[in-house]
Amino acid sequence: MRTNYTDRFNQSSFEISMTPMIDVVFLLLIFFLTTANFEIIEQLLPSGISDQGIAASGKAEDLPPPEQPAEVNDCIVRILAKPGELKNFVFEFNGATIPDLEAISQRLRAVIAARADVPIIVDPDDSVPISIAVDIYDRARTAGGLQVYFAAR
Amino acid sequence: MNMTPMIDVTFLLIIFFLVSSHLAKQENNVQLELPITQTGIDSELSNQHPTATVHVLPDGSLQMGGQPISLENAQRAIAARHAETPGGLRVRIRTDRNVPYSVIAKLLRACTQAGTNDVVFAVFDETP
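Residue numbers (my numbering), protein chains in the order written: chain A, 305 to 457; chain B, 68 to 195.
Just chain A, with the same shape it has in the complex:
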């Protein structure tokens, strides 16, 4: 009798079908794979536009040279990034050449410590990649600048 019961138990356990479980596991696998978000989270960098450079005529040729307004108005800090040799960039801070980005940050901190709402205009040359321009913009914001603008032309 006992042997008979064990035999029956073993028989029924062998009959358990794995197929539905595998179905469900595959479904779950596909669901989580497809809904998983592998994208890097994007943030926003709020920016302002300095439209001083846009002349009424609207022609780029008629624009004044970038140094000119800096001489007229002391409050405006202009940073010019120019591609030099070997993909290095030359930075100018109110007309004075600055060797590297760290020195720019120091200048920005000094200026902003004196007056936080001094308008800072980032004015890169045409061929400068936007990453450098955004980097300088970011440094101005990190230094505490309240009014940081990109130059539009």
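To be clear, the hints were calculated from the coordinates, so they are not data collected in a lab. What you are looking at is a predicted structure, and each value in this text was computed from that prediction instead of being measured. Just so you know, even glycine gets a beta-carbon here, dropped at the ideal spot from N, CA and C. Be aware that one or more of the hints could be misleading.
FRET-style restraints, in silico, Cβ to Cβ [claimed, not checked]:
1. L332(A) - E139(B): 43 to 53 Å
2. P403(A) - E100(B): 23 to 33 Å
3. M73(B) - V329(A): 18 to 28 Å
4. I81(B) - P350(A): 34 to 44 Å
5. E111(B) - V329(A): 46 to 56 Å
6. T339(A) - E139(B): 34 to 44 Å
7. V328(A) - L138(B): 50 to 60 Å
Quick partial rundown of chain A residues pointing at chain B, CB under 8 Å, derived from the structure [as the list claims (entries may be wrong)]:
8. L333
9. F335
10. I344
11. E346
12. L349
13. S351
14. I353
15. P428
16. D430
17. I434
18. S435
19. R445
20. Q451
21. F454
22. R457
Mind docking chain B on chain A? Use the hints.
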């Protein structure tokens, strides 16, 4: 009556629609190497504002709403949407980090001429 096949099919349909709607959302996003910053703000916080997104591809060409667009048409589209938005339109620029500034400068100028000064850049947070 065996309910299993019906439940199977129903689950499959649910998963299909969930996944396809998810993919449709992602389709709008062009894969771009965005600039990296430290002072970016959470994009969820400012999502309430009506926003037009302009993608700037590595070759300097523009895209709006998944379609290539010229600078003049982009300016027209921004101006039209800006005019019909009560609080003013925000322009979100998603640009590749190697695009020369001349392209962005022209785009910024187009934005000001379209009447909006509210421009934000989509950026990646600085990787530690």
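Taking the hints in turn, this is what the structure says about them:
| no. | hint | in the structure |
| --- | --- | --- |
| 1 | L332(A) - E139(B): 43 to 53 Å | holds, 50 Å |
| 2 | P403(A) - E100(B): 23 to 33 Å | holds, 27 Å |
| 3 | M73(B) - V329(A): 18 to 28 Å | holds, 20 Å |
| 4 | I81(B) - P350(A): 34 to 44 Å | holds, 40 Å |
| 5 | E111(B) - V329(A): 46 to 56 Å | violated, 34 Å |
| 6 | T339(A) - E139(B): 34 to 44 Å | holds, 40 Å |
| 7 | V328(A) - L138(B): 50 to 60 Å | holds, 53 Å |
| 8 | L333 | violated, 11 Å |
| 9 | F335 | holds, 5 Å |
| 10 | I344 | holds, 6 Å |
| 11 | E346 | holds, 5 Å |
| 12 | L349 | holds, 4 Å |
| 13 | S351 | holds, 5 Å |
| 14 | I353 | holds, 5 Å |
| 15 | P428 | holds, 4 Å |
| 16 | D430 | holds, 4 Å |
| 17 | I434 | holds, 5 Å |
| 18 | S435 | holds, 4 Å |
| 19 | R445 | holds, 4 Å |
| 20 | Q451 | violated, 12 Å |
| 21 | F454 | holds, 6 Å |
| 22 | R457 | holds, 5 Å |
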